[in-house]
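S.K.: Here the structure of chain Y is known, so what remains is to put chains C and H in place on it, guided by the hints.
First to last, the protein sequences are chains Y, C and H.
This note's numbering puts the first residue of the first sequence at 955, with every later residue one more than the last.
This note's numbering puts the first residue of the second sequence at 485, with every later residue one more than the last.
This note's numbering puts the first residue of the third sequence at 12, with every later residue one more than the last.
Read the hints as simulated data drawn from the structure, not as lab findings.
Where a beta carbon is used, it is the ideal one built from N, C-alpha and C, also for glycine.
Mixed in with the good hints there might be a few duds.
[Stated by the list, open to error] Here's a subset of chain H near chain C, in silico, CB distances under 8 Å, partners left out:
#1 P78
#2 S99
#3 V103
#4 G152
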Amino acid sequence: MIEYRIHGRGGQGSVAAAYLLAGAAFEAGFTCQAFPAFGAERRGAPVTAFVRIDDRPITLRSQVRAPDYLVVQDDTLLLDPALTSGLKPGGAMLVNSRKPTDEIAANFDTRVVAVPATEMAQEAIGKPIPNTALLAALLALTGDLPQEALAAALKSRFHGDTLARNLTLIARAAASVEAGAWQKEASDA
Amino acid sequence: MREALEGSLAIARAVAMAKPDVVAAYPITPQTHIVENLSKLVAEGDLHTEFVSVESEFSAASVVLGAAATGARAYTATASQGVLLMSEVLFNIAGLRIPLVMTVANRAVGAPLSIWNDQSDAMAVRDAGWIHLHCASNQEAVDTTIQAFRIAEATELPVMVCMDGFVLTHTMEVIDMPGQAQVDAFLPPFAFSRALDSADPRTVGTLVDPGWFAEMRHSHHAAMGRALGVIEKVDADFAKLTGRASGGLLTVTGDPDARVGILAMGSVVGTLEAGLADFGTEAGTARLIKLRAFRPFPARALREAVAGLDTLIVIDRAISPGLGGIVGSEVSAVLQSMTAAPRVLNYALGLGGRDIPESVYPALIAAAANPLAPRFAVFDADLDKLMPEDR
Amino acid sequence: MVQDSTRLNGLRAKHGRPPAGPHEPQAAPSTLRQGQPRFRGLEAGHRACQGCGEALAARIVMENAGPDVMVANATGCLEVFTTPWPQSAWRVPWMHSLFENAAAIASGMEAALKARGRNTKVLAFGGDGGTYDIGFQALSGMLERHHDVLYVCYDNEAYMNTGIQRSSSTPHAASTTTSPAGKERMGKRHLKKDLLSIIAAHHIPYAASASVAYPADLARKVRYAMGIEGPTFLVVHSPCPLGWRHASALTVEVARRAVECGLFPLVELERGALTNIMPIRTPRPVVDYLELQGRFAHLFDETDTRAIEERDHLQALADHNILTYGLAGTGDDPVDTTGIAHVRRGGPLAERT
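This is chain Y alone, in the form it adopts within the complex:
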């Protein structure tokens, strides 16, 4: 079972990201589970969402306490000391930030990749919603799921122009990171 924890702020599509990631896993033939940990639903408030992917039925329903991967949709959340709590040894963190990877990685003792997903989204879809770009980068880095699975999940959620722009966006985002980087390092470890 692979477990993910997505951190974001209300309005950034963190829950949608969790559902898309689970949807991509389903499209790739896995079982999946995605759910949010809601607080009061205010725009801008921190939101956490969880995803589990497995090749057998998932019965566990607790929140993800020991994620394999963290996805951080807003780099202001990096200041939260509890952000990386429970992250598995050998885990990794994908951050949406304009800052260079090295600058962020310096503050964490885990593998970090930073992607300017908001800017990519603004350019491709005209909206500062970083979630799909981050997912594409995540899939590229881990190699756990093919990009086509994410595209299929997007197709069940978006249509027409929005879909086309998002497909362009995920292709660009996936190409912006080193494919299989986390997969390779994990097997090295």
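M.R.: Same frame as chain Y, now just chains C and H:
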């Protein structure tokens, strides 16, 4: 067809496949996504129903009562405070023996205000006279929703389908959705023998004097007893059609030879199953009893399910302050007549949305091994947060 | 008006109802019997008190609503005295659920009938407690959602079923068991809620007040409301001899004086606008109305200045109604307070001028 769906969307689609004539609902977290999705189906022309957007849960329950009494298949959904605001109508619906289906997206009841999951809401109306079915997964919730219409219409009793708020309603997972043809084959058109009709006038809801009330209550009780068989049969028929059973009255899984049993209702069962799989060898195995029918209470099936156990841990997702657990108390009561009843430990867990980790499993097994374990506790409460007199 | 009646007739035709209505010319009934159908929706033999205004009002409503209806009835006297299990005085489908949900039950019935393609008209009945007070929210919701329901409030101005407790409909200064007159109090301290204005503010097609003292007027209003698709509302002043403490034989007389003094104005509102009134040719002083009733007996202690003040207050309220609704009629009017019951049954008021 297998799909990755959010629980609430799946429930809305299941309800739509039952083709209700009337839907009335008032929004309340965490039920909202169900009625939003139903509204969307109506707006897109995929569901033809009279959708009544009422001004309160009290009216939601009243509208579906009036509709079902007039011969319509009707549906509503609510949670928490909504259940309590409805409560007077819920007793009325059951007392009038009206076939209705309601989803309860189980949530704590304030004060203090909590929008998160436990089962206090359903427990607060356990004596209203409804059939209560608890679902452990979204698959069970979908299948049980469809079954609920048939159970309600066969028994002429209302059915409450309980699914844990957020934990199920807001969780996307893989669900095998029945097809419309399957549902049509399974669910006959709505028929209610006592429907109001101006061609055949009937008076419903009269004043009943002491000369009749006891008999009517007895009759209701007897009907609930008969419903036990209906619930089992409908689940068996559904399994024949789809290959999936939803757990009849209760299901026993885990290690059949274990001396420790854990009984629970709702989504926590899945976490216990995971705990058994991951920690069973190390911590000790257990027999898991998933109670699906809380009303009518399956006393006989329960006594059979616990035979041979030394200790039965009953999980409550609610508390009756001054008594302890509710399911636990009821289980203890029905086990009294056994010659070798297990010791019952009753633990409230996950109140007000407290996350229930997988590690709860070994902790429970450890409690079972402790002869001095308290008979009742709020298992995951951190008492150090409280003033000394409250610990 | 013409356009409106054409539209209404179209709607009626669509719903299988005859194009009859008080504002349209009708074929004259060939016999008096034909003109006075006696469908008994509410049968005799029920257990209402002698002189019950509510029973009388409900009978008239049912006679004029006809057989193709179903009733959602709030808890109250009407429910209790008509349906002691296993008996029922109703000849139409009738359901009682709770005190405060008659309007919501009716909404559900209407939704079900619509879904099933039936034309049966839904009626909702409640007392003033179930309408002005505890059932008010459900009623407002029903009106706002525009359900095709005729809601009839039988207004006897207190919780009579539980033993004469004050409601928000109880008139100012009336003595009830929870607003008793005593050394410190002159009965109810607050005013009677102006429910009709609140109902009218929902901009429903038709809202009116009526009185058991004017059965022809009540019949006409029921029939008019029955012809309208959408929410309609009637509040019917229905004396309660027990609660108002007057002789059982005086029910109609008491109700008539309430109208004649202006304390209970008979008015009609369509889409929120006042469209018709029953004029009062010669307003009676309110004391004529008050003196018949024990609930106002404390207002007749001539040594008590507070009693005189409260009487003046009630007179002022009546005068205010007469002024506000323009009830003061003059000249020979066939359908005013003294004439209507004798002269004409359900005459077309709109053609009066």
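S.K.: Determine for every hint whether it applies to the structure shown.
M.R.: Status of each hint after checking the structure:
no.: 1; hint: P78; in the structure: holds (7 Å)
no.: 2; hint: S99; in the structure: holds (4 Å)
no.: 3; hint: V103; in the structure: holds (5 Å)
no.: 4; hint: G152; in the structure: holds (3 Å)
Violated hints are absent here; each numbered hint is respected by the structure.
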